[in-house]
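**Student:** Position chains B and C relative to chain A; hints supplied.
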Amino acid sequence: MNDFFNLKRFWLVLRRELRLSTKPLIIGTALTVGLLLFDIAGIYKSHSSSVEDFMIFLAMLTFAVTVAVWVSSAQISRNLARKTSFLAFSTLPASSFERYLARVVVCGFLPVAVWFTLYFGVHLSDTIVDYMQMNSSSQGGFIALCACVILFSSVFAFWGAAFRRYGFIVGFCVTAFSVFALFRWILFGNVSLMFLDPIGRFVQHDFFGYGRLRLVLAVALLIIGAINLGAGYFIYRRKQMIVKPIKKK
Amino acid sequence: MDFKESKPIYLQIVDRICNEIVMGKYPENERIPSVREYAAIVEVNANTVVRSYDFLQSGDVIFNRRGIGYFVSEGAIEKITAMRRETFMNEQLADFFDEIDMLKIPIETIVELYKNRNKK
Amino acid sequence: MILINDLDFGYSKHKVFENLNLTFDEGKIYGLLGLNGAGKSTLLYLIGGLLFADNGKVEFNGFDMRERNPRALADLFFVSEEFELPDVKFETYIKLHAPFYPNFSRETLDRCLSGFGMDTNCRLNRLSMGQKKKAFMCFALAANTRLLIMDEPTNGLDIPSKSQFRQVVSSCMTDERTIIISTHQVRDVENLIDHITIINDKRIAFDRPVADITDRLIFADAKMGQRPGNAIYAQPSPVGEQVVLPRNGEQETPLNIELLFNAVLAEREKVANIFA
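Protein chains in written order, with the numbering used here: chain A, 1 to 249; chain B, 1001 to 1120; chain C, 2001 to 2276.
None of these hints come from the bench; they were simulated from the model. Some clues are possibly wrong.
[To be verified] With a cut-off of at most 30 Å between alpha-carbon atoms, the simulated DSBU-like pairs for lysine-lysine come out as follows:
(1) B/Lys1007 with C/Lys2089
(2) C/Lys2015 with A/Lys83
(3) C/Lys2095 with A/Lys8
(4) A/Lys23 with A/Lys83
(5) C/Lys2270 with B/Lys1007
(6) A/Lys83 with C/Lys2223
(7) A/Lys23 with C/Lys2132
(8) C/Lys2057 with C/Lys2028
(9) B/Lys1115 with B/Lys1079
(10) A/Lys8 with C/Lys2089
(11) C/Lys2028 with B/Lys1007
(12) A/Lys83 with C/Lys2132
(13) B/Lys1119 with B/Lys1007
(14) C/Lys2057 with C/Lys2013
(15) C/Lys2202 with A/Lys83
(16) C/Lys2270 with C/Lys2028
(17) A/Lys83 with A/Lys8
(18) C/Lys2095 with A/Lys83
(19) C/Lys2223 with B/Lys1104
(20) C/Lys2132 with A/Lys8
(21) A/Lys83 with C/Lys2270
(22) B/Lys1119 with B/Lys1104
(23) C/Lys2162 with C/Lys2089
(24) A/Lys23 with A/Lys8
(25) C/Lys2162 with B/Lys1025
(26) A/Lys23 with C/Lys2089
(27) C/Lys2057 with C/Lys2202
(28) A/Lys23 with C/Lys2095
(29) C/Lys2095 with C/Lys2162
(30) C/Lys2270 with C/Lys2015
(31) C/Lys2057 with C/Lys2095
[Said to hold, decoys possible] Label pairs and their computed distance ranges (CB to CB):
(32) B/Asn1019 with C/Pro2238: 27 to 37 Å
(33) C/Thr2023 with A/Ala81: 43 to 53 Å
(34) B/Thr1087 with C/Asn2061: 40 to 50 Å
(35) C/Asp2119 with B/Asp1095: 45 to 55 Å
(36) C/Gly2062 with B/Asp1095: 48 to 58 Å
(37) C/Lys2057 with B/Met1102: 54 to 64 Å
(38) C/Gln2235 with B/Met1102: 21 to 31 Å
Positions of the beta carbon are idealized from the N, C-alpha and C atoms, including for glycine.
Okay, chain A solo, but in the shape it has when bound (with noise of 0.2 Å):
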């Protein structure tokens, strides 16, 4: 049996975490939905099978998963806040790494993946609706986007409200859309976040010029992704240990 991880015990944690921990994963469905949806809607809808276009997405996507692990990093460590849940959590019989891992799938891969699934739907239904009434496919696509951003828009909105002592929310959200849009202005030299042009088309990008400098910063995110999810391991392990006298909360 490997002590630094091993494959059922990491599943037992997973499965209690997945359980037991159903708050947070709501919290970060509804914040990476919120963030999220505006952004990488857009690269994806290039329609481009280049390799560069593919690995700027898969940048962008691990970036993403970077930023959704940064976001709910507050609720990965937020079970070891409370003295009571810390040590029902550090005292369960498992490595630092699957207990890590189990969070951040819990508050960071899973929303990402909820997200990512339904923009998939979307990307589909639009597909649908488009064969079934629209001439456009443009105008489906965009039906079925509104749609989709009204409502989990409407999600962020109720969380957001149930859970009022959330004000970080607030600030890193408009963070985190700063950063996306130096991002997009590196990448795609576009500052603009919205999609639509004024007759509500999907407006594509024309995605030439700064090619290997996109490819290189795409690589960098992959890496700087990777690095951030290891270093989290690093210091989440030691808030499993108690290094100074238990808050009690």
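**Tutor:** Quick look at chains B and C alone, frame taken from chain A:
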């Protein structure tokens, strides 16, 4: 020097078991609870009960059948009575004599009181 | 099976332990005592791998607790004073947590629960504080770990429950298990403990089996003006005084843990000399 002390727990348990045997709760050649079972009943550490059982074994009140448990010996009740008689003579009686000496009560007074006690 | 060697531990402002050496063996129930703030809970966290020592080693079953090896964690269970039970049915809790402990026994769980007059048919967050504690302790005992640490286990238990606690713990004890009970409520566990460890002033002030203690010390009552000359310690009582003195061939007396504790703290040297 005069100070009161109470019996160690293991001896208290010995008394308890002896009382149960005398009362008939555990007849001769019948099994008594295991060490752990008895420890749980009186809520003490099993090692204390081991001492009690050892004490009873050495007094031939109970015997051990390996792998099966402890059983009440034949003639246990007589042995218990004999044991208690001896303890009384050695301890309580000695204390009693010391006490009446200290209070300067002549033994004849005690004998008189004892004789009259049954007449009431 | 638990070895603590040259342990140093402190928080930034003050040192809690200095050069601590301690061992815990199988088959014994240890009582860990100390004044408020002496570091009982800290020591338990160090044993349980929840705290790292500044210097020295804590070893459990050959595992260095610093590594927090999952196999070591699967063989120890920590019942903390404050603990959390999630808002689920007890059965769900068991299903989620029992697989972590390879020696978990459903039979033991049911037996312990019935000892407390409970069963698994309940929702954990709807139980009273005392019942939650009982449920958690039953799970802990059923995990059949070789080491069981309990921090103030009888705190919050009503009077009948204290008795049930003793019965349940006594019946679950084996020769391979070690139970460490840290408590102030010594009367609740008086006859259960067979080894006493007292922490005071950054080190172990006293660490002896109960059999040794009752062999070498007598705990008695003395009337006023009749304190024995060789008494190590005395404190007032309704009779006059409760005294501790070395045993000189007299019959043994039951151990009075509170009296022993006060004696150790007041006259550490004298007590140490008796056991030297």
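**Student:** It remains to establish, for every hint, whether it holds in the given structure.
**Tutor:** Checked hints:
1. B/Lys1007 with C/Lys2089: This hinted pair is violated, its Cα atoms lying about 47 Å apart.
2. C/Lys2015 with A/Lys83: Distance ~22 Å between C/Lys2015 and A/Lys83 Cα, so the pair holds.
3. C/Lys2095 with A/Lys8: holds (15 Å)
4. A/Lys23 with A/Lys83: Status holds; Cα separation ~18 Å.
5. C/Lys2270 with B/Lys1007: holds (25 Å)
6. A/Lys83 with C/Lys2223: Violated - the C-alpha atoms of C/Lys2223 and A/Lys83 are around 49 Å apart, more than 30 Å.
7. A/Lys23 with C/Lys2132: holds (23 Å)
8. C/Lys2057 with C/Lys2028: holds (22 Å)
9. B/Lys1115 with B/Lys1079: holds (28 Å)
10. A/Lys8 with C/Lys2089: holds (24 Å)
11. C/Lys2028 with B/Lys1007: holds (23 Å)
12. A/Lys83 with C/Lys2132: holds (17 Å)
13. B/Lys1119 with B/Lys1007: violated (34 Å)
14. C/Lys2057 with C/Lys2013: Roughly 22 Å separates the two Cα atoms, so the pair holds.
15. C/Lys2202 with A/Lys83: holds (24 Å)
16. C/Lys2270 with C/Lys2028: holds (26 Å)
17. A/Lys83 with A/Lys8: Given that 30 Å is the threshold and the Cα spacing comes to 27 Å, the pair holds.
18. C/Lys2095 with A/Lys83: holds (24 Å)
19. C/Lys2223 with B/Lys1104: With Cα atoms ~20 Å apart, C/Lys2223 and B/Lys1104 stay inside 30 Å; holds.
20. C/Lys2132 with A/Lys8: holds (29 Å)
21. A/Lys83 with C/Lys2270: violated (40 Å)
22. B/Lys1119 with B/Lys1104: Answer holds: B/Lys1119 to B/Lys1104 is near 26 Å, not above 30 Å.
23. C/Lys2162 with C/Lys2089: holds (25 Å)
24. A/Lys23 with A/Lys8: holds (24 Å)
25. C/Lys2162 with B/Lys1025: Answer holds: C/Lys2162 to B/Lys1025 is near 27 Å, not above 30 Å.
26. A/Lys23 with C/Lys2089: Since the Cα atoms of A/Lys23 and C/Lys2089 sit roughly 18 Å apart, the hinted pair holds (cutoff 30 Å).
27. C/Lys2057 with C/Lys2202: holds (16 Å)
28. A/Lys23 with C/Lys2095: holds (21 Å)
29. C/Lys2095 with C/Lys2162: holds (28 Å)
30. C/Lys2270 with C/Lys2015: holds (26 Å)
31. C/Lys2057 with C/Lys2095: Violated, at roughly 35 Å.
32. B/Asn1019 with C/Pro2238: 27 to 37 Å: holds (28 Å)
33. C/Thr2023 with A/Ala81: 43 to 53 Å: 35 Å Cβ-Cβ, so the 43 to 53 Å window is violated.
34. B/Thr1087 with C/Asn2061: 40 to 50 Å: At roughly 46 Å between Cβ atoms, C/Asn2061 and B/Thr1087 fall inside 40 to 50 Å, so the hint holds.
35. C/Asp2119 with B/Asp1095: 45 to 55 Å: holds (52 Å)
36. C/Gly2062 with B/Asp1095: 48 to 58 Å: holds (54 Å)
37. C/Lys2057 with B/Met1102: 54 to 64 Å: holds (60 Å)
38. C/Gln2235 with B/Met1102: 21 to 31 Å: 27 Å Cβ-Cβ, so the 21 to 31 Å window holds.
The structure shown violates the earlier hints numbered 1, 6, 13, 21, 31, 33.
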